[in-house]
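Chemist: All chains should be built: construct the whole structure from the sequences, respecting the hints.
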Amino acid sequence: MKPDSADSPLSIPNSSVLPLQELQDMGIQKLRVVTTAQLRDTARRAVSRALLELLNGLELPAEQHQQILARAKQYMSPTIETAADREEATEVLKEDREVTDPRIKVPSPVSQPTPAAAQQASASDSDGPLGKREKALLIQLSKLIARDWRTELATVRNTQNTQVERLEMRIEELTLALQATDHAIAVNGDLDIDQLEVKSPFDHKKSELLDQLFQANVALRELSEAPQPGDLPSLPREGRSS
Amino acid sequence: MKAPKKVQKNQQHDVKAPKVSSKTSLLHVGIDLGTSRSAIASSNGSREVMASLVGWPKDSVSAKVLGGQTLVGDAVLKNRLALNTCFPLKEGNLAYTRLSGSEQDLSRQAGVQLLAALRKACNPRPDQAVCAVIGAPAEATRENKQAIVDLANEAGIEGVMVVSEPFAVAYALDALENSIVIDIGAGTIDLCRMAGSLPGVEDQVTVFRAGNYVDQRLAELVREAHPEVQFTSNMIKMAKERFSSVIDTQKRAIVTFPNAGRPTPVDITDQIRSAVEELVPWITAAIQTLVASFDPEFQHLIRNRIIVSGGGSQVFGLQEALEQGLESLGGGRVMIVDDPVYAGAQGALKLAQEMPTEYWTRMRG
Numbered sequence: 001m002k003p004d005s006a007d008s009p010l011s012i013p014n015s016s017v018l019p020l021q022e023l024q025d026m027g028i029q030k031l032r033v034v035t036t037a038q039l040r041d042t043a044r045r046a047v048s049r050a051l052l053e054l055l056n057g058l059e060l061p062a063e064q065h066q067q068i069l070a071r072a073k074q075y076m077s078p079t080i081e082t083a084a085d086r087e088e089a090t091e092v093l094k095e096d097r098e099v100t101d102p103r104i105k106v107p108s109p110v111s112q113p114t115p116a117a118a119q120q121a122s123a124s125d126s127d128g129p130l131g132k133r134e135k136a137l138l139i140q141l142s143k144l145i146a147r148d149w150r151t152e153l154a155t156v157r158n159t160q161n162t163q164v165e166r167l168e169m170r171i172e173e174l175t176l177a178l179q180a181t182d183h184a185i186a187v188n189g190d191l192d193i194d195q196l197e198v199k200s201p202f203d204h205k206k207s208e209l210l211d212q213l214f215q216a217n218v219a220l221r222e223l224s225e226a227p228q229p230g231d232l233p234s235l236p237r238e239g240r241s242s
Numbered sequence: 243m244k245a246p247k248k249v250q251k252n253q254q255h256d257v258k259a260p261k262v263s264s265k266t267s268l269l270h271v272g273i274d275l276g277t278s279r280s281a282i283a284s285s286n287g288s289r290e291v292m293a294s295l296v297g298w299p300k301d302s303v304s305a306k307v308l309g310g311q312t313l314v315g316d317a318v319l320k321n322r323l324a325l326n327t328c329f330p331l332k333e334g335n336l337a338y339t340r341l342s343g344s345e346q347d348l349s350r351q352a353g354v355q356l357l358a359a360l361r362k363a364c365n366p367r368p369d370q371a372v373c374a375v376i377g378a379p380a381e382a383t384r385e386n387k388q389a390i391v392d393l394a395n396e397a398g399i400e401g402v403m404v405v406s407e408p409f410a411v412a413y414a415l416d417a418l419e420n421s422i423v424i425d426i427g428a429g430t431i432d433l434c435r436m437a438g439s440l441p442g443v444e445d446q447v448t449v450f451r452a453g454n455y456v457d458q459r460l461a462e463l464v465r466e467a468h469p470e471v472q473f474t475s476n477m478i479k480m481a482k483e484r485f486s487s488v489i490d491t492q493k494r495a496i497v498t499f500p501n502a503g504r505p506t507p508v509d510i511t512d513q514i515r516s517a518v519e520e521l522v523p524w525i526t527a528a529i530q531t532l533v534a535s536f537d538p539e540f541q542h543l544i545r546n547r548i549i550v551s552g553g554g555s556q557v558f559g560l561q562e563a564l565e566q567g568l569e570s571l572g573g574g575r576v577m578i579v580d581d582p583v584y585a586g587a588q589g590a591l592k593l594a595q596e597m598p599t600e601y602w603t604r605m606r607g
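Sequences listed follow chains A and B, in order. Mapping of the first sequence onto the numbering used here: residues 1 to 242, in sequence order. Mapping of the second sequence onto the numbering used here: residues 243 to 607, in sequence order.
Some clues are possibly wrong.
[Unchecked claim] Calculated cross-link-like contacts (lysine-lysine; reagent style BS3-like; alpha-carbon spacing at most 30 Å): (1) B:362 to B:332; (2) B:332 to A:30; (3) B:493 to A:143.
[Unchecked claim] Label pairs and their computed distance ranges (CB to CB): (4) A:166 to B:516: 44 to 52 Å; (5) B:319 to A:182: 42 to 50 Å; (6) B:494 to A:208: 48 to 56 Å; (7) B:496 to A:175: 41 to 49 Å; (8) B:538 to A:173: 44 to 52 Å; (9) B:543 to A:156: 26 to 34 Å.
By construction, these hints were calculated from the structure, which means they are not laboratory data. As the structure is a computational prediction, the values presented were derived from the model and not from experiment. The beta-carbon is built from N, C-alpha and C at its ideal position, and this holds for glycine as well.
Modeler: Here is the structure:
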């Protein structure tokens, strides 16, 4: 890992540049390449959306309200990726490739078109930098990536939630036990340790269980010491007999 | 089964233990005697987990290198090339009861050594008598329970009581009513239905397909998919413990196995998932057996309190997989214990501590 250099086109404080091999070792199989302009645009849109949500709750003069609304809406409209943005993305990739394993090939978002591809591109929709088929492919790809990540996130979140629930229950139990102990100590510091124990509804059942377990082990011991003529009947309430 | 008299006589010189009496102080311990790993927890606060494996030096050279001593636990794994090794437990039970001749003597001796090592791990004072509750598989035979008592006595554990392993876990968690405890070990998966009393035969089920079965299946599947790589059962076990999951995740299980002597990365994600998934139907079938034979009025209660413990409970996604399997039974709730490695030993220790002293006095060896 190397720190993000200050002259990098995507300089973000406290961020770092990782070699692709290292990312693959961490289990990351897919990457989405985002240009600086796209990142800025996304941030602007997020801020605008938050602003729009907050705006209704603010008491502002109508003129200011309109100005803010207009400014926020301006950033909410989708921007078109320019050729300059794509160039910038290619530069970032080139820079990254210098420090990564040379065996790993990252496909550039702007590759040199082959004659056949150029022909196909001219045949496709000419109203934008990408053809309809490419756009559809990109949307499908984007959906697939999003679905993978959502599944993964949902799985991890469910597991974590269960663990948190379990720990919370345990903390609650321990807190109650601690409170009971504190109370007992406060009432009488000289109490015997047996008297400090909080009696649960199962305590009488426990002593019965201990007695049953003891009896079963006594019977086991007696059978062990006694001569064994053939097969003996199983012990009451203690597993399977041989 | 009683030990041969010759063996017992020889071992009397090795182990000297004080008798349990009102004048001697007691050290209570709980032991989870497992096929792959055994754990001990004691009332003086010490606890330890070790491989259930004993090794003797192969020849005079290895005896010199290792100081001529018998090794027990993880040290055996590290020095296994210089040792003759023995797993004293098989499918949760002491293996020597099913053997004969010199093999039986060796396996029996290994059992004593393992229990002696566990006893030593809890550092009893010379004036303390060790009183242990030892967890056995849910369906352990009477013969095996007797064998455990005999060997523990020989290992210097004076007071011994044997208890069903899942019952010990239930006792640790105060889940004594309307619950099912599942202990997933290496040799067996033990299930125990708790209904507020000491579980009987009808309350317990043992599945003889557990961690070792997964290792075996994983080795078969890897050999099938990557016939060119070399591996041992220990390498397979380590890979399983590191990557085991029943969920289709993006994370890949990449291990490095030698191929013609050259370390080669191998992707065994699919093989691990397949091998681990094979256990789920067996567990759900056993749960169904216990639920179906329970009082119909209370079946929904035990379905919703299924507690899983043991090393095998750490498989990623097992909780969800079991809950999915329970959907055909009308659904259920599965919980994984917080401390699966020591849950059995802690429960056994709790039983030992709460057992009245007079009972321990009567259980003297």
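Chemist: Now look at each hint and say whether the structure bears it out.
Modeler: Going down the list of hints, with the structure as the test:
Straight-line distance between C-alpha atoms of residue 362 of chain B and residue 332 of chain B comes to about 23 Å, which keeps the hinted pair within the 30 Å bound. Proposed proximity of residue 332 of chain B and residue 30 of chain A is contradicted: the alpha carbons are some 45 Å apart, above 30 Å. Under the criterion of a C-alpha separation no larger than 30 Å, the hint pairing residue 493 of chain B with residue 143 of chain A is consistent with the structure, at around 20 Å. At roughly 29 Å, the beta-carbon separation of residue 166 of chain A and residue 516 of chain B lies outside the given 44 to 52 Å, and the hint is violated.
Checked against the hint of 42 to 50 Å, the pair residue 319 of chain B and residue 182 of chain A passes, with Cβ atoms roughly 46 Å apart. Between residue 494 of chain B and residue 208 of chain A the C-beta distance comes to about 52 Å, which sits within the given range of 48 to 56 Å. At about 43 Å, the beta-carbon gap between residue 496 of chain B and residue 175 of chain A stays in the expected band of 41 to 49 Å. The hint said 44 to 52 Å for the Cβ distance between residue 538 of chain B and residue 173 of chain A, and at roughly 31 Å that hint is violated.
Hint check: residue 543 of chain B to residue 156 of chain A, Cβ distance near 30 Å, so the stated range 26 to 34 Å holds.
Hints 2, 4, 8, counting from the list given before, are not met by this structure.
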